[in-house]
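Trainee: From just these sequences and the hints, can you work out the full model?
Residue numbers (my numbering), protein chains in the order written: chain A, 1 to 277; chain B, 1 to 277; chain C, 1 to 277; chain D, 1 to 277.
Please note that a few of the clues may not be correct.
Footprint (simulated), chain B over chain D, 3 or more residues, beta carbon under 8 Å [stated by the list, open to error]:
(1) 19-29
(2) 73-79
(3) 232-241
(4) 263-271
Here are the simulated SDA-like cross-link-like pairs (lysine to any residue), alpha carbons at most 25 Å apart as the crow flies [said to hold, decoys possible]:
(5) K250(D) to G60(D)
(6) K57(B) to L260(B)
(7) K138(A) to D15(C)
(8) K266(B) to Y114(B)
(9) K266(C) to L260(D)
(10) K266(C) to G267(D)
(11) K58(B) to H28(B)
(12) K250(D) to Y184(A)
(13) K215(D) to D15(C)
Since the hints were derived computationally from the structure, they do not count as laboratory data.
By construction, the Cβ of each residue, glycine as well, lies at the ideal position given by its N, Cα and C atoms.
4 protein chains.
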Amino acid sequence: MRPFKLASRDFYPADTIISLKAGEKTVHIGEGYCTVIAGPCAVEDREAYLQLALLLKKAGVQILRGGLFKPRTSPYSFQGLGLEGLDIMMEARSITGMPIITEIMDARDLDFLYDKIDILQVGSRNMQNYTLLDELGKIDKPVMLKRGFSATIEEWLLAAEYILNGGNRNIILCERGIRTFETYTRNTVDLGAVALIKQLSHLPVIVDPSHATGKWKLVTPVARGAIAVGADGIMVEVHQDPDRALSDGKQSLTPERFELLYEQIKGLARLADKTIE
Amino acid sequence: MRPFKLASRDFYPADTIISLKAGEKTVHIGEGYCTVIAGPCAVEDREAYLQLALLLKKAGVQILRGGLFKPRTSPYSFQGLGLEGLDIMMEARSITGMPIITEIMDARDLDFLYDKIDILQVGSRNMQNYTLLDELGKIDKPVMLKRGFSATIEEWLLAAEYILNGGNRNIILCERGIRTFETYTRNTVDLGAVALIKQLSHLPVIVDPSHATGKWKLVTPVARGAIAVGADGIMVEVHQDPDRALSDGKQSLTPERFELLYEQIKGLARLADKTIE
Amino acid sequence: MRPFKLASRDFYPADTIISLKAGEKTVHIGEGYCTVIAGPCAVEDREAYLQLALLLKKAGVQILRGGLFKPRTSPYSFQGLGLEGLDIMMEARSITGMPIITEIMDARDLDFLYDKIDILQVGSRNMQNYTLLDELGKIDKPVMLKRGFSATIEEWLLAAEYILNGGNRNIILCERGIRTFETYTRNTVDLGAVALIKQLSHLPVIVDPSHATGKWKLVTPVARGAIAVGADGIMVEVHQDPDRALSDGKQSLTPERFELLYEQIKGLARLADKTIE
Amino acid sequence: MRPFKLASRDFYPADTIISLKAGEKTVHIGEGYCTVIAGPCAVEDREAYLQLALLLKKAGVQILRGGLFKPRTSPYSFQGLGLEGLDIMMEARSITGMPIITEIMDARDLDFLYDKIDILQVGSRNMQNYTLLDELGKIDKPVMLKRGFSATIEEWLLAAEYILNGGNRNIILCERGIRTFETYTRNTVDLGAVALIKQLSHLPVIVDPSHATGKWKLVTPVARGAIAVGADGIMVEVHQDPDRALSDGKQSLTPERFELLYEQIKGLARLADKTIE
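Mentor: Printed below as a string of structure tokens:
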């Protein structure tokens, strides 16, 4: 028997659908929907971010992403704009009506971020940061739980179990590639895990093809594969000028390329009878 | 610069398309086509095999698979029917008109198999069996080169390079999952590698969702993901009675479930403008 | 060029030696010394812990370990005694004179633990918890930084770099096994990494053969291998009654077996001209 | 229960010791002995090889290695001298009295090599080449079975089981590093596996620190670790001029460095009560 309970479909047979107010309409994440989240890796500049937000809104994006505190492997890399970026993200929300998602890296930031951000993201490196998971279990906000880059499916669902056990059922799982021996891609995207989790669990699962591959040329095909395999959506990095991005430029699409991706995703969503709003 | 040459699209920009006579028509494998290969893991019984071959033909399958010599991890497991099975496969071809594919495990079998089998498969464990690759480079028969279960993309293309360097350009690459830390699935299917190889190389790439996942419940979603990501086809294990299969029963579809898979694959092939014959 | 600076031997050619007052004498960790840290995985019971501490002291152990907050994969597993255990550890220190080490899981606990614990351990799952690393960089206490179970050597040294960059040079690296495809052992101990880090960095490196193997029968041979390869010490789990341990019993040595291990380690330390105090 | 039988200590409780005539004396491989095998990766030049063989003999080496057919990842790399090299190796044996070991890559070479070579090596890429294993099971010559670079301990022992099941009990296992996510070392040497196999199986286990690390600076510490952990010997690449070696120069020791390694190994063998002849 599997060691997780609340995350299991045996416990909750019905699919968990997360609903977010987005201006006048509502965005859904879960079975039957195809939700597209997009934005730059990090918020770098107010004007550029607002302009991009408008472009993405027009292209059909439902949720806007942006990084404030960047967990970087080296202490000498760009660490994010921090709170300054938060105001920019909130401004983008009020202009476009799109809910916003950003990463929370420390339980101490929760009070501050709680009523400003629509979805709190737990990054791959923090998937087993149990004190953070415990705090997120006590709130009612949606949490996007990225898979640890070397976490098994079981460990991932057990991390969700920590949050569920605290009382918060609004969890979105996000596959972002795992670490293997392969070096031509940044990570190895595990689309088989997506198919399996859709069977084992009631929680929504989305795929981040940008981190999963680390190469913009692979983002669109892997995004297609994700939807075809049964994912409930994708989260994609977009940047107006990827070559000058302060982080993750190599895996970012330009807005033009993103539009082409979106068209293909729409076709696949329709074929799979998924609503793409 | 990449260390492979003949396998690279820089060397041969045009897609390699492999054509096989199949009764009165021709089967193609390569860009623009969606080729479906199916059959049981091992040929076990004449009557059952012929019956299955007819069912698969009717379902739309283009190429028939069957294992004669099974490379098994334990010497105490079923090792295949050997040459006895070859006659059964040839009979199935003459009844259905489908080309047949089987694994070659030893260069010494080449003379014997050469004019009886339409595609010679190099299994995952033999991907770096260079004496076998050298021999296959000297013939003109199509070779399906499965990725070693721990081979990098580079090593895989260099294994193809051995065959190409010998003079044989009729190579089909087959992704069948790689070994990672994950244990819920038998292997981790690397669909990002499929997308990347379609960009790096002119060779056709297909996906084996049966070995890649080890679970029949995941075969159909992963097959869908493969086509959506850009694979040129799939190879699927089908068995009339998976519970009694002498090998790989857990990952085999029943003919009924295979028909459902085929319908979904057809939809995806059309969406991607791929011919499925 | 390597991306780490302060952790590199090019920057600080001399070995970093960490010194701790231990009652009337001083314990050293670093090149030329062989330091043995031992204790139970978790502090479970006052009397048992104090008794074990005395046994270990007598056996030659220099530093006493004990877990207070256990980071467990499942929320339903024993989570540690928490602060109640801290008093027990401090009592053991005052009885035996041994410095004590325990894991810190949350930056919020730092104020509280700072003057009660001699070495603060960062666990494998928190190796890239950058907000925690930042806080530990601001203090002057020794920090034991365990390798993330899927961290590369480079990422591990960059995590140390975060602490060094904050101003704290008292870092002990601890190899505790990495995650691979192998399942017969809990992790794969990477003794090659120990040898390499001793060349790349001036920081002390010790090995935890208990977590690295997950099997008590392997603890002693792997501990020997660690010292022979050049590690500056070992950290070993010991429990009076491993079958009843609330966590990690399978990898815990009894005190009797630990004594045998200690004898062998002494022999190897002498052969390598390492002081074992 | 474990799936292997003949390889298990439950089946044969006594240690398997392999004895080889070496001129006037006998070389043993197995529990209680520390056997040192050394030589260049590939036989490249008669004079250099004979000179090196004499140096190694003098340094204490018991068995001489040399590669004739090199399994190279790229078809454009040096492939070995082939049969020409065999005469050179036989000449080195007659001059030094040392038994010789080389890799067999194809079952078709067995008749030819059988009475010329003292130990036949199965390389990492061929560990699951079952037609080769079957042939080696039919002979009485010692076989060194290197671990596949991604083989589990179970698969490795099952590969040995193929040979044992054919009737040949003269098997030496050789750990040569496994493939992981780490890139600072060529492979990750799995010394925990060595300790475990010594408990599970009666077969001798040696370690190849050269392939395991890919860096000559790590060869000596890892060789020490291997003996301390319980390995029955080591196999080391030595070359007079590593910078000009046609293969594996980066991981080859000079004869001078090898002498220092040998001294350290002798100390460890004595400490562990192993005979080093």
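Trainee: Each hint needs a verdict: does it hold in this structure or not?
Mentor: Going through the hints against the structure:
1. 19-29: violated (count 0)
2. 73-79: It holds, with 4 qualifying residues against the three required.
3. 232-241: The restraint on the stretch 232-241 of chain D is violated, since only 0 of its residues have a Cβ under 8 Å from chain B and three are required.
4. 263-271: violated (count 0)
5. K250(D) to G60(D): holds (23 Å)
6. K57(B) to L260(B): Given pair K57(B), L260(B) holds - Cα atoms ~15 Å apart, limit 25 Å.
7. K138(A) to D15(C): violated (46 Å)
8. K266(B) to Y114(B): Violated - the C-alpha atoms of Y114(B) and K266(B) are around 32 Å apart, more than 25 Å.
9. K266(C) to L260(D): holds (23 Å)
10. K266(C) to G267(D): Roughly 14 Å separates the two Cα atoms, so the pair holds.
11. K58(B) to H28(B): Since the Cα atoms of K58(B) and H28(B) sit roughly 18 Å apart, the hinted pair holds (cutoff 25 Å).
12. K250(D) to Y184(A): holds (23 Å)
13. K215(D) to D15(C): Holds, at about 22 Å.
Figure legend: structure checked against the earlier numbered hints; hints not met, in rising order: 1, 3, 4, 7, 8.
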